[in-house]
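So the chains spell out like this:
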Amino acid sequence: MKIKITSVLVDDQDKALKFYTEILGFVKKTEVPLGEHKWLTVVSREEQDGVELLLEPMGFAPAKIYQKALFEAGIPLTAFNVDNIDQEYERLKNLGVIFSIAPAQMGPVKLAVLNDTCGNNIQLVQMI
Amino acid sequence: MTYYHTQIQKLRQQLYSKDYLIQQVIQAKHFIDDNFAEKIDLNNIAATAFLSKFHFIRSFKILYGITPYQYLMAVRIKHAKQLLLTSKNITEVCIAVGFESVTYFIGLFKKMTGLTPDLYRRKKQLSRMDLIKV
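Just so you know, the sequences run in chain order A and P. Going by our numbering, the first residue of the first sequence is number 179, and it counts up by one from there. Going by our numbering, the first residue of the second sequence is number -14, and it counts up by one from there.
Hints were generated in silico from the structure; no laboratory data involved. Careful: at least some of the hints might be erroneous.
[Said to hold, decoys possible] Under the rule of at most 27 Å between Cα atoms (straight-line distance), these lysine-lysine pairs were calculated in the DSSO-like manner:
#	chain 1	residue 1	chain 2	residue 2
1	A	Lys207	P	Lys66
2	A	Lys288	P	Lys63
3	P	Lys38	A	Lys182
4	A	Lys196	A	Lys207
5	P	Lys24	P	Lys63
6	A	Lys182	P	Lys(-5)
7	P	Lys109	A	Lys180
8	P	Lys63	P	Lys95
9	P	Lys95	A	Lys182
10	P	Lys108	A	Lys207
11	P	Lys(-5)	A	Lys246
12	P	Lys66	A	Lys182
13	P	Lys63	A	Lys207
14	A	Lys246	A	Lys196
15	A	Lys206	P	Lys108
16	A	Lys182	P	Lys109
17	P	Lys63	P	Lys38
18	A	Lys180	P	Lys66
19	A	Lys180	P	Lys96
20	A	Lys288	P	Lys(-5)
21	A	Lys288	P	Lys3
22	A	Lys180	P	Lys63
23	A	Lys216	A	Lys246
Could you build the full structure based on these sequences and the hints that come with them?
Next comes the structure, spelled out in structure tokens:
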């Protein structure tokens, strides 16, 4: 059994694809029409054969309640690793991304939290 | 400040208040990152952190969840995986990443990745060929 996929809940798949590719720098991997929605995944440019991130629509209403609760509490839905969080922070800020937590050291890691414009806080992490 | 931000600050205060000690352990981790292929031992590494061996192992495990030795082995295997994608043979890879025994290297590699170095290399080559076909 292998772990090949993870997901983020998004309120708009097209908007999410734009943000996750043009801003965060992921690459579209699969797009399969499924009626009202699609099976839409992206991968890291550096690991294109690696774990896929599903941009998951919220067809199930309770998912929206869950997403909203996490977002309002500032809790990240998921986290991505970066090599240099300070550089990544500057790059993303210049692209208009809003951060609720600027890069801050937490023991052996440095972390930051951004708004993905699709209803989620996303954490960036760098191992120091 | 969000709830999450408050929790982060609380945790930081609780777990990581000894900033100087943390920086010393991180420095030692960087020493491992930069010298993994050399013949280094716990005494060398603890010395870079200006800590006793016992205190160093304990502090490292609290920060990283593994001992310095386990971390050194993980770094060596990570680099071995990269070198296995080159034309170096298994013995050359073993030595290049700091192991002295090929048998030990193969056993540890299998324990940490689930594959022998040879199988890992072959699997990677096959998956590269699949990507090219696509």
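Report task. Measure nothing beyond the straight line between the CA atoms of Lys38 of chain P and Lys182 of chain A; if it is 27 Å or shorter, mark the hint as holding. Result -> violated (40 Å)
Requested in this report: Would you check the hint for Lys63 of chain P and Lys95 of chain P, treating anything up to 27 Å between C-alpha atoms as holding?
Outcome: Holds: Lys63 of chain P and Lys95 of chain P sit about 12 Å apart, inside 27 Å.
Query raised in the report: Is the hinted pair Lys196 of chain A and Lys207 of chain A satisfied, with a Cα-Cα distance of at most 27 Å?
Result: Holds - the C-alpha atoms of Lys207 of chain A and Lys196 of chain A are around 13 Å apart, at most 27 Å.
**Report entry** Satisfaction of hint between Lys63 of chain P and Lys24 of chain P, Cα-Cα up to 27 Å
**Finding:** OK: Lys24 of chain P and Lys63 of chain P at ~17 Å, within 27 Å.
Query raised in the report: Is Lys95 of chain P within 27 Å of Lys182 of chain A, Cα to Cα?
Result: holds (21 Å)
Query raised in the report: Going straight from one Cα to the other, do Lys63 of chain P and Lys38 of chain P come out at no more than 27 Å?
Result: holds (25 Å)
Query raised in the report: Is it true that the CA of Lys246 of chain A sits at most 27 Å from the CA of Lys196 of chain A?
Result: holds (21 Å)
Report task. Would you mind confirming whether the straight-line C-alpha gap from Lys288 of chain A to Lys3 of chain P stays at or under 27 Å? Result -> The given pair, whose Cα atoms are some 16 Å apart, holds under the 27 Å limit.
Query - Holds or violated: Lys216 of chain A to Lys246 of chain A, with C-alpha atoms at most 27 Å apart - result: This hinted pair holds, its Cα atoms lying about 22 Å apart.
Query raised in the report: Taken at face value, is the distance from the CA of Lys66 of chain P to the CA of Lys207 of chain A at most 27 Å?
Result: Between Lys207 of chain A and Lys66 of chain P the Cα gap is close to 25 Å, so the pair holds against 27 Å.
Query raised in the report: Lys288 of chain A and Lys(-5) of chain P: Cα distance at most 27 Å?
Result: Holds - the C-alpha atoms of Lys(-5) of chain P and Lys288 of chain A are around 16 Å apart, at most 27 Å.
Report task. Mind checking the alpha carbons of Lys109 of chain P and Lys180 of chain A for me, to see if they're no more than 27 Å apart? Result -> Distance ~16 Å between Lys109 of chain P and Lys180 of chain A Cα, so the pair holds.
The structure is inconsistent with the numbered hints 3, 6, although it conforms to all the rest.
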